[in-house]
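What follows is each chain in one-letter form.
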Amino acid sequence: MKVLKIIAIILLLTFVGIQFIPTTRNQSDIVLSTDLMETYNVPEQVEVIFKTSCYDCHSNNTIYPWYNKIQPVSLIMESHIKEAKAELNFNEFGSYSERKQKSKFKSILSQVKDGEMPLASYTLMHREAKLSENEKKALENWINKMLESL
Amino acid sequence: MKKFKIAMGMVAIALTLLTVMSCKDTKKSDEHMEMDQNEMNHDGDENMDMDQNGMQNDEMMNRDQKTSKATAVLNSYLELKNALVADNTEVAATAGKTLLADLAKFDQSSIAGAQKQEVIDIIEDAREHAEHISENSGKLDHQREHFELLSNDVKDLIAITGTDRVLYKTFCPMYNEGKGGIWLSETKEIKNPYFGSKMMKCGEIQEEIK
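Chains A and B supply the protein sequences, listed in that same order.
Numbering-wise, the working numbering puts 148 at position 17 of the first sequence, and it's gapless, one number per residue.
Numbering-wise, the working numbering puts 262 at position 43 of the second sequence, and it's gapless, one number per residue.
Read the hints as simulated data drawn from the structure, not as lab findings.
Mixed in with the good hints there might be a few duds.
[Claimed, not checked] When the alpha-carbon atoms are kept at most 27 Å apart in a straight line, the in silico DSSO-like pairs for lysine-lysine are as follows:
1. Lys261/A x Lys358/B
2. Lys324/B x Lys233/A
3. Lys267/A x Lys407/B
4. Lys133/A x Lys182/A
5. Lys133/A x Lys374/B
6. Lys216/A x Lys136/A
7. Lys244/A x Lys216/A
8. Lys231/A x Lys417/B
9. Lys200/A x Lys213/A
10. Lys261/A x Lys182/A
11. Lys398/B x Lys388/B
12. Lys216/A x Lys358/B
13. Lys267/A x Lys388/B
14. Lys388/B x Lys231/A
15. Lys267/A x Lys213/A
16. Lys398/B x Lys231/A
17. Lys407/B x Lys374/B
18. Lys200/A x Lys182/A
19. Lys335/B x Lys231/A
20. Lys213/A x Lys358/B
21. Lys420/B x Lys133/A
22. Lys407/B x Lys420/B
23. Lys231/A x Lys268/A
24. Lys268/A x Lys233/A
25. Lys237/A x Lys417/B
26. Lys200/A x Lys216/A
Quantities reported herein were computed from a predicted structural model and do not represent experimental measurements.
Next up, chain A with everything else stripped away, as it sits in the complex (with noise of 0.2 Å):
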């Protein structure tokens, strides 16, 4: 009991000693004109779509949950998010070259097609950004039109 006893302090000594560990939030509250709400036309329900499923992560702004104040949590965010804006940031969707935007509105398909995306640790905890079939359906067919203008 007593070994035990110890081993529950030391755990909790580490926990407490990792909630200094700093962080750095993803908060912005500019609009760029590079957003790809500005860049293209997008019908207002394929446009909840990306805000309320994609742009936590994939953009300036993310909208936190309040367990993002507790370490290890905050740190994994913090590397998933830029992990994420560097693959595709939709902030900045309007600066990408011709190609690089049809290269990722493909790729926005198939992840979504094949339930890659949003991630499943995601959708976890944000039950309203889980993909309804409907839903699926509306954006494909907008990219699929994005990609025959582009």
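Mind docking chain B on chain A? Use the hints.
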């Protein structure tokens, strides 16, 4: 006793969180190890390829200087294509890595005017696809998706730089749910990189690029 219970509860939370984190780390280092191994296995073939192409290259030099620009890119692209034909996801990942390095080294200084921006765009796009292919060993479908986009990039690139060898632009009408996809091949014989052994002969030559 109640206090102890609370403490244990917190420990449980801490443990879970720590496990989540350490899981992530282990996965990463595993991937690295896999990659290193691939690299080792592969060094041999790569050198052989290089020698062959070195010879080809010398012949080409006299004919047209710009043709040598895309040589390294074409070598690794075709290596990647053949790995996908063989359904070999690991070799495809290694070839993707080589291609990524070759694209980074691509010299675009002598390309002038309007074509310059296009080449810059092509290289940037192709690098992303090569990167995805190199990082997704084990996900053949995902690698093939990026290979399709990459094939378009390489096709457009050699339309500007020229090619040092005869290539066949081949079209598979069945890929991508009937939308079809093209690839570049060094042989007339059809060997499909999108379906591999499942549909090796699917495809038709659309164009001979010289």
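For each hint, the structure was consulted:
1. Between lysine 261/A and lysine 358/B the alpha-carbon distance is near 23 Å, which keeps this suggested pair within the 27 Å criterion.
2. Annotation: proposed proximity of lysine 324/B to lysine 233/A holds, straight-line Cα distance about 24 Å (limit 27 Å).
3. At roughly 40 Å between alpha-carbon atoms, lysine 267/A and lysine 407/B are farther apart than 27 Å, so this suggested pair is violated.
4. Straight-line distance between C-alpha atoms of lysine 133/A and lysine 182/A comes to about 52 Å, which puts the hinted pair past the 27 Å bound.
5. Annotation: proposed proximity of lysine 133/A to lysine 374/B is violated, straight-line Cα distance about 69 Å (limit 27 Å).
6. Among the hinted pairs, lysine 216/A with lysine 136/A is inconsistent with the structure: their alpha-carbon atoms are about 43 Å apart, more than 27 Å.
7. As the CA atoms of lysine 244/A and lysine 216/A are separated by approximately 21 Å, the hinted pair is consistent with the 27 Å bound.
8. For the proposed pair lysine 231/A and lysine 417/B, the alpha carbon gap of about 30 Å is over 27 Å, so the pair is violated.
9. Between lysine 200/A and lysine 213/A, the direct Cα distance comes to roughly 17 Å. Compliance with the 27 Å bound is thereby established for this hinted pair.
10. Note on lysine 261/A and lysine 182/A: the hinted pairing holds, with a Cα-Cα distance of about 12 Å set against a maximum of 27 Å.
11. At roughly 16 Å between alpha-carbon atoms, lysine 398/B and lysine 388/B fall within 27 Å of each other, so this suggested pair holds.
12. Distance check on the hinted pair: lysine 216/A and lysine 358/B sit about 22 Å apart at the alpha-carbon level, within 27 Å; holds.
13. This hinted pair does not check out: lysine 267/A and lysine 388/B have alpha carbons roughly 33 Å apart, beyond 27 Å.
14. For the hint pairing lysine 388/B with lysine 231/A, the CA-to-CA distance comes to about 22 Å; that is within 27 Å, so the pair holds.
15. In summary, the hint linking lysine 267/A to lysine 213/A is supported, as the alpha carbons are separated by about 25 Å, within the 27 Å threshold.
16. For a cut-off of 27 Å, the pair hint linking lysine 398/B to lysine 231/A stands: about 19 Å separates their Cα positions.
17. At most 27 Å may separate the alpha-carbon atoms for a hinted pair to count; lysine 407/B and lysine 374/B meet this at roughly 17 Å.
18. At most 27 Å may separate the alpha-carbon atoms for a hinted pair to count; lysine 200/A and lysine 182/A meet this at roughly 22 Å.
19. Using a Cα cut-off of 27 Å, the hinted pair lysine 335/B and lysine 231/A holds, with the two alpha carbons roughly 16 Å apart.
20. This hinted pair checks out: lysine 213/A and lysine 358/B have alpha carbons roughly 23 Å apart, not beyond 27 Å.
21. A distance of roughly 70 Å separates the Cα atoms of lysine 420/B and lysine 133/A; the hinted pair therefore is violated under the 27 Å criterion.
22. Pair hint lysine 407/B plus lysine 420/B holds up; C-alpha atoms about 11 Å apart against a cutoff of 27 Å.
23. This hinted pair checks out: lysine 231/A and lysine 268/A have alpha carbons roughly 23 Å apart, not beyond 27 Å.
24. The suggested pairing of lysine 268/A with lysine 233/A holds, with an alpha-carbon distance near 19 Å, which does not exceed 27 Å.
25. About 24 Å separates the Cα atoms of lysine 237/A and lysine 417/B, which keeps this hinted pair within 27 Å; it holds.
26. The straight-line distance between the Cα atoms of lysine 200/A and lysine 216/A is roughly 21 Å, inside the 27 Å bound, and the hint therefore holds.
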